[in-house]
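Enquirer: In order, the protein sequences belong to chains X and B. The letter at position 89 of the first sequence is residue 89 when you use my numbering, and the numbering goes up by one with no holes. The letter at position 40 of the second sequence is residue 199 when you use my numbering, and the numbering goes up by one with no holes.
Take these hints with a grain of salt, some might be off.
Unchecked claim - With a cut-off of at most 27 Å between alpha-carbon atoms, the simulated DSSO-like pairs for lysine-lysine come out as follows: (1) B:K212 / B:K167; (2) X:K67 / X:K53; (3) X:K53 / B:K226; (4) X:K8 / X:K96; (5) B:K226 / B:K212; (6) X:K67 / X:K8; (7) B:K167 / B:K255; (8) X:K67 / B:K212; (9) B:K167 / B:K226; (10) X:K67 / B:K255; (11) B:K212 / X:K53; (12) X:K67 / X:K96.
Source of the hints: derived by calculation from the structure; they are not laboratory data.
2 protein chains.
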Amino acid sequence: MAIEIERKFVVRDDSWRQSEIGSAPIEQAYFARTPQVKCRIRIFGDNAYITLKSAVGGLSRHEFEYKIPEADAVEMIREFSIEPPITKVRYDVPFKGNIWTVDVFGGANDGLVLAEIELESADQAIAFPPWIGEEVTNNPRYENSSLARTPFTTWTKGD
Amino acid sequence: MAIEIERKFVVRDDSWRQSEIGSAPIEQAYFARTPQVKCRIRIFGDNAYITLKSAVGGLSRHEFEYKIPEADAVEMIREFSIEPPITKVRYDVPFKGNIWTVDVFGGANDGLVLAEIELESADQAIAFPPWIGEEVTNNPRYENSSLARTPFTTWTKGD
Numbered sequence: 001m002a003i004e005i006e007r008k009f010v011v012r013d014d015s016w017r018q019s020e021i022g023s024a025p026i027e028q029a030y031f032a033r034t035p036q037v038k039c040r041i042r043i044f045g046d047n048a049y050i051t052l053k054s055a056v057g058g059l060s061r062h063e064f065e066y067k068i069p070e071a072d073a074v075e076m077i078r079e080f081s082i083e084p085p086i087t088k089v090r091y092d093v094p095f096k097g098n099i100w101t102v103d104v105f106g107g108a109n110d111g112l113v114l115a116e117i118e119l120e121s122a123d124q125a126i127a128f129p130p131w132i133g134e135e136v137t138n139n140p141r142y143e144n145s146s147l148a149r150t151p152f153t154t155w156t157k158g159d
Numbered sequence: 160m161a162i163e164i165e166r167k168f169v170v171r172d173d174s175w176r177q178s179e180i181g182s183a184p185i186e187q188a189y190f191a192r193t194p195q196v197k198c199r200i201r202i203f204g205d206n207a208y209i210t211l212k213s214a215v216g217g218l219s220r221h222e223f224e225y226k227i228p229e230a231d232a233v234e235m236i237r238e239f240s241i242e243p244p245i246t247k248v249r250y251d252v253p254f255k256g257n258i259w260t261v262d263v264f265g266g267a268n269d270g271l272v273l274a275e276i277e278l279e280s281a282d283q284a285i286a287f288p289p290w291i292g293e294e295v296t297n298n299p300r301y302e303n304s305s306l307a308r309t310p311f312t313t314w315t316k317g318d
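Chain X extracted, bound-state conformation (with noise of 0.2 Å):
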């Protein structure tokens, strides 16, 4: 069980792409949602796993990931999923310090590109790259539980 704490934020341009060094593909979906937890496969790269996370929002929350095989994986996103899957291509990006997360999105939220930045505490401070935009970490609808609900490319202009 970990606290994960981070900070979520939308992506002004490409000049990211300057300094990344490393990406992998990511496809996830959602198998269960209650009031009480969030329920998601994830496949990275090679890699796949199974994650609870508890429903309750804000910076921090309860979460629980665990390896499982990759064959599994496809089988329950093929299975037991709710909606779609949200495919994204997850790239690393440093900036002074810091290894941000960008993740382009593709399929039904394509045009999206968020990054993210994990914290060790809630108050530290960090240095914003210039491509950084408007912070959505509270933002519900920029949540990969909601963005398989309701996509990207089903929001309406001047929402």
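Following the hints, position chain B against chain X.
Expert: Leaving out everything else, chain B in the frame of chain X:
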């Protein structure tokens, strides 16, 4: 992923106790149910598991099970359970070349004793011990998931 084929019976009396060869306590709880999948945490003796079973009924069903740290299981049962956990003691009882499992339920299912046998094929012939009663393989209210929602002690006589 495994295909699970098992038959389930009510236990008629206590005579199986003369031939039991071992037992372990089980505590388990469901953290999600969807039309596709039932999701369970189980602590069985000193081991703990997360299990996803396809919700399609019948004699055989898809099951995915992974070993997890016991401390995680305790925490997840407390934090994510839909209903109070099921508690039971599971006994191994050999009879004519097969090992039967006998579950003696406690808590809100006190008084219920069920026997199960795992088969290699749905039409496999088996020798029945004298303490085996009515078959309940296809009776949904004897499923553990049902017993969590509607425990045995709440059933009315003549149901």
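Enquirer: Below or equal to 27 Å on CA atoms is what counts here, so check K167 of chain B against K255 of chain B.
Expert: Cα-Cα ~17 Å, so holds.
Enquirer: Would you check the hint for K167 of chain B and K226 of chain B, treating anything up to 27 Å between C-alpha atoms as holding?
Expert: Judged against 27 Å, a Cα distance of about 25 Å means the pair holds.
Enquirer: K226 of chain B and K212 of chain B were given as a pair; does the straight-line alpha-carbon distance stay at or below 27 Å?
Expert: holds, 15 Å
Enquirer: Can the restraint linking K67 of chain X and K53 of chain X be considered satisfied, given a maximum Cα separation of 27 Å?
Expert: With Cα atoms ~15 Å apart, K67 of chain X and K53 of chain X stay inside 27 Å; holds.
Enquirer: Below or equal to 27 Å on CA atoms is what counts here, so check K67 of chain X against K8 of chain X.
Expert: It holds: about 25 Å lies between the C-alpha atoms, which stays within 27 Å.
Enquirer: Measure nothing beyond the straight line between the CA atoms of K212 of chain B and K53 of chain X; if it is 27 Å or shorter, mark the hint as holding.
Expert: holds, 19 Å
Enquirer: Please work out if K212 of chain B and K167 of chain B have their alpha carbons no farther apart than 27 Å.
Expert: The given pair, whose Cα atoms are some 17 Å apart, holds under the 27 Å limit.
Enquirer: Is the straight-line distance between the alpha-carbon of K53 of chain X and that of K226 of chain B 27 Å or less?
Expert: holds, 18 Å
Enquirer: Between the alpha carbons of K67 of chain X and K255 of chain B, is the straight-line distance 27 Å or under?
Expert: violated, 39 Å
Enquirer: Is it true that the CA of K67 of chain X sits at most 27 Å from the CA of K212 of chain B?
Expert: Within the cut-off at roughly 18 Å; holds.
Enquirer: Take the C-alpha atoms of K67 of chain X and K96 of chain X, compute the straight-line distance between them, and say whether it is at most 27 Å.
Expert: Violated, at roughly 31 Å.
Enquirer: Hint check: K8 of chain X vs K96 of chain X, CA-CA at most 27 Å. Holds or violated?
Expert: holds, 17 Å
Of the numbered hints listed earlier, those contradicted by the structure are 10 and 12.
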